[in-house]
Amino acid sequence: MRLRPGIITRAWRESSNLAQLVPEVRTIESARSELRWITEYVHEKMTDRASKGMKVSESDLQSKISHLCYLRGQKGFPLQYLLGSQPFGDSLDIKCRRGVLIPRWETEEWGIKIAQAIRRSHPFFTAGAREGVDQLSAETGSEMTVSETRSPTFKVLDLCTGTGCLALLFAEQLRPPMGKSVYVEGVDISQNAVELARRNRAINAGVFEQYGTSVVFTYADIFALDISSDHFDIIIANPPYVSEEHYYSCRHTTRSVRRFEPKHALLGGIDFYRKIFQLAREGAVPAVVCEVADQWQVDEIVEECIDDELEATRMSDSAGTVRTVIAWRKESSAWII
Amino acid sequence: MNCFVVMRRRLTAVLSSKTASKSLVFHVTNRLAESQYGNSYSELPAIRSHARTISSSTPRCKKDALPPRPSIPEDEIEEVFIKGGGKGGQKINKTNSKVQLRHIPTGLVVSSQATRSREQNRKLARRELAEELEFLQDPENSRRGQKIKQLQKKKAQQRKKAIRRDKERRGLEPVEELEAIESGAGEDTSAGSDPTFGEDTDMKDSAELGFKFDLIKGKHNKGGDGGDSIN
Chain Z
93 MRLRPGIITR
103 AWRESSNLAQ
113 LVPEVRTIES
123 ARSELRWITE
133 YVHEKMTDRA
143 SKGMKVSESD
153 LQSKISHLCY
163 LRGQKGFPLQ
173 YLLGSQPFGD
183 SLDIKCRRGV
193 LIPRWETEEW
203 GIKIAQAIRR
213 SHPFFTAGAR
223 EGVDQLSAET
233 GSEMTVSETR
243 SPTFKVLDLC
253 TGTGCLALLF
263 AEQLRPPMGK
273 SVYVEGVDIS
283 QNAVELARRN
293 RAINAGVFEQ
303 YGTSVVFTYA
313 DIFALDISSD
323 HFDIIIANPP
333 YVSEEHYYSC
343 RHTTRSVRRF
353 EPKHALLGGI
363 DFYRKIFQLA
373 REGAVPAVVC
383 EVADQWQVDE
393 IVEECIDDEL
403 EATRMSDSAG
413 TVRTVIAWRK
423 ESSAWII
Chain E
10 MNCFVVMRRR
20 LTAVLSSKTA
30 SKSLVFHVTN
40 RLAESQYGNS
50 YSELPAIRSH
60 ARTISSSTPR
70 CKKDALPPRP
80 SIPEDEIEEV
90 FIKGGGKGGQ
100 KINKTNSKVQ
110 LRHIPTGLVV
120 SSQATRSREQ
130 NRKLARRELA
140 EELEFLQDPE
150 NSRRGQKIKQ
160 LQKKKAQQRK
170 KAIRRDKERR
180 GLEPVEELEA
190 IESGAGEDTS
200 AGSDPTFGED
210 TDMKDSAELG
220 FKFDLIKGKH
230 NKGGDGGDSI
240 N
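Residue numbers (the numbering used here), protein chains in the order written: chain Z, 93 to 429; chain E, 10 to 240.
Excised from the complex, chain E in its bound form (with noise of 0.2 Å):
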């Protein structure tokens, strides 16, 4: 017998990129199952903390490979269907392609619509889905953990060589002063905001999503991203 449902907890981990348009736009809702899987869910934060960093990018390098894509069988997945009303077919041209799927044994539930395709927008749910409950079950071991590992040495390799090059920008400096500065500053940086800093690792970003933004880099898009409700 499962005792399910002890503490709800809506989680709202909207995964988008500054870039907002070609992320996946996931929604994921977890209730907490707890005699299943006796997690504490602390972990939870940090999926929140971390939703904005991952992006969908493929390893660049063999040594630095993630772990495979977890899977879970079909037959603890429930696809939930959001009922549009009226008798659809010819009669109706939906593009809404939303598909919601529910993790039986644990109640865990995760939405998609990242495309326009219900075919696509599935398979990226159950990854999605699969992917969440590897998370939970080994944070560390993990491929999201391992993919957040190593965004997070790129985001400080990044912050390094970006305050390297504002130096520069900003004058000629001694060398020396130049390398004190750097050596106390190096710390500080995964605690600074500097806007030209989170530029330079959108551009990251969105070259590594293969999406070109160039036309619009470095300004606020009014009306154009809709689905970032993060700025």
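Here chain Z stands alone, though its shape is the one from the complex (with noise of 0.2 Å):
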């Protein structure tokens, strides 16, 4: 959208950092915003040095804050790689840094609700509720079919993971029931990305190791993978979905996703769908759920993907697009409302 006349002006009023910045976030309000951040960054580094006894001063601070600012507003150089995190979740710290994706708020959103929706529904997770009310019934597996308790274990398995937020997102999520456990992995053909997702997996063990939840990243590429014989519950993934039509068009992706972020890690579409649903089958997984560019996306995906066996639905985040495709086997419990 264009910038509103006079904007620059009025922005440079109140300070110079913030004229900076108006030209990539395009609103002084963002702009307000993103400088705010940047000085609680700015101060929280300039603290740390502090108290190991370097040498920190005002003017040092003030040209680290004019220096990200000039980053950011000028350059176009995303906030998360210049902050170097990105919080996600309920409480998680995602590290970010160049060679590796940045987590949307899309991605958040729709991992959220289909973790809840597990957490809330799924037999494995609802069934715990009453074997704590009543020890007797669940020895005897009263309402449960055994296919549903065969482990006690809930596997999940995220594809495409690239920082690990979805795969940590989850972990948090899926508190499990007493006596069972969460197991999630994480699968990416960077090294880069394994090494910060497996960095952030150490950051924020807090948050699932204390329910025995275990987190795992694999250096794979998921056109070479075999997870016959893993016995996954379910298949999330964000993965490159971008068509190339779009990833060069100024009207679909922004300068700034095309100079700073990897382009493997958007650059792909139909041919991703097709192995996921692919590995789906073979390791006979229950449940798939992905992020999709649009409902178009959808379409293509419902026609090459979803076999008589599946059933589909999909998922709009709160800005109106269509942004989740979700599949699961006919035969398996629909817990998805």
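Everything labelled a hint here was simulated from the structure, so no lab data went into it.
Derived CB-CB ranges, DEER-like:
# : chain 1 : residue 1 : chain 2 : residue 2 : range
1 : Z       : Trp-388   : E       : Gln-159   : 52 to 60 Å
2 : Z       : Thr-139   : E       : Gln-166   : 23 to 31 Å
3 : Z       : Leu-95    : E       : Asp-84    : 38 to 46 Å
4 : Z       : Glu-136   : E       : Ala-74    : 28 to 36 Å
Where is the CB? At the ideal position from N, CA and C, for every residue including glycine.
Please assemble the complex out of the two chains, which come individually in their own frames, going by the hints.
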């Protein structure tokens, strides 16, 4: 969207740093928020340095803030790369760096929705509540079918995990019932990403380790992956889905994303979805949830990947764009509302 | 049948302390719904004047414990999304995490862009909405009302201490004179606006917020605190 006339002048009246931010963030309100976050970040860093005995001056602080504003506003440097992190979920701190895709709010939104739906309605989790009340009926396995209680571990596979944000989000949200556990595995083809994901797991371990949840990150190419003997309960994925046409179009993909974020994490499409659904078939995985670009991509996926054994639905994000495709095997219990 | 919007009053209670950075930045827009709550909304000016004193501190002593946090059922809340335009998803990296909630029965709108996480902003906005409603319904006993009382008491205590310290700093004054001045000055502190007092209380506020501001103590921060437009 066009910059409103006079906006930079108005921003200058407040501060030069604010004015520097405007060309990238487009509104004064956003600029104020970003300046606030940049300032907080620089203060924290300087405080750290000061506490370690290093010399820190007021002008160091100000010049650092100005420099970050310049990079952000004039160069279009993504804020998460400058500050090195993105808060995610309820309490996750996901570290970010060049070469790995930055977690988006849309991913956070559907991730939480799906994880909470599982937590609320999936037999693995709801059965646990009854067990706490009546041990005896749990032993006799009263209302539950054998297939749903075959394993005390709920296994989640996160493909193209990147920073590991989705894997860690599910680990955070899927608190297992007593006597059961959750296992999340994240896979990525980029070693840079896997290293970052492992670092994120170490940083955020406090959130899920206490429940006995384990998170593992594996370096692998999904096109050469074999999960037939793993018994995953669900596959989640945010695979590269931007088409070449949209990637190079300024109307679709912003300059900042094209210039700074890794191309291989973005350029993709139906080939990835085809592979994901093939993996689900081979591994007899009862449910698949993937992020998508839009309604047209869902149509394409449904046509190419959804066979008679599966049911599928779509979910929109709160901006109104179709953002997720959800598919499940017909014979498994539909915990999705 | 509900009668809503009788009178529209735009209330911009920008809750930011002087230290700005770590504060919760909220926008509260109030549309009166007379029938439902029958309030005269005379409390609104009170919110405005106390806006700056509110910080996200936790109670320090059990005996001064605040009432528990209020909550609102989800079906009364509508989340308004400010459409950013464009395709979104992987194609755009939006750092704007603003969340706007509307309380359907009263029309009260609260928006939050305090943190960089949308989920955390959602939680904060819900918390703020619940507190706001509780405060409007029953200012005295609401959690916010109690917090305001606590802060007022604390500020009065700090002012008294600061006067004493100031007098000591200025030089040795006879004790009797000191006491006479103090008893007279004690009454006026609420109206006073001595800059040193402000600095002390700001230090306390920022300490409560758990944010160390030692580096720029006492200096006017030109470009640093973008969020503070009150100065």
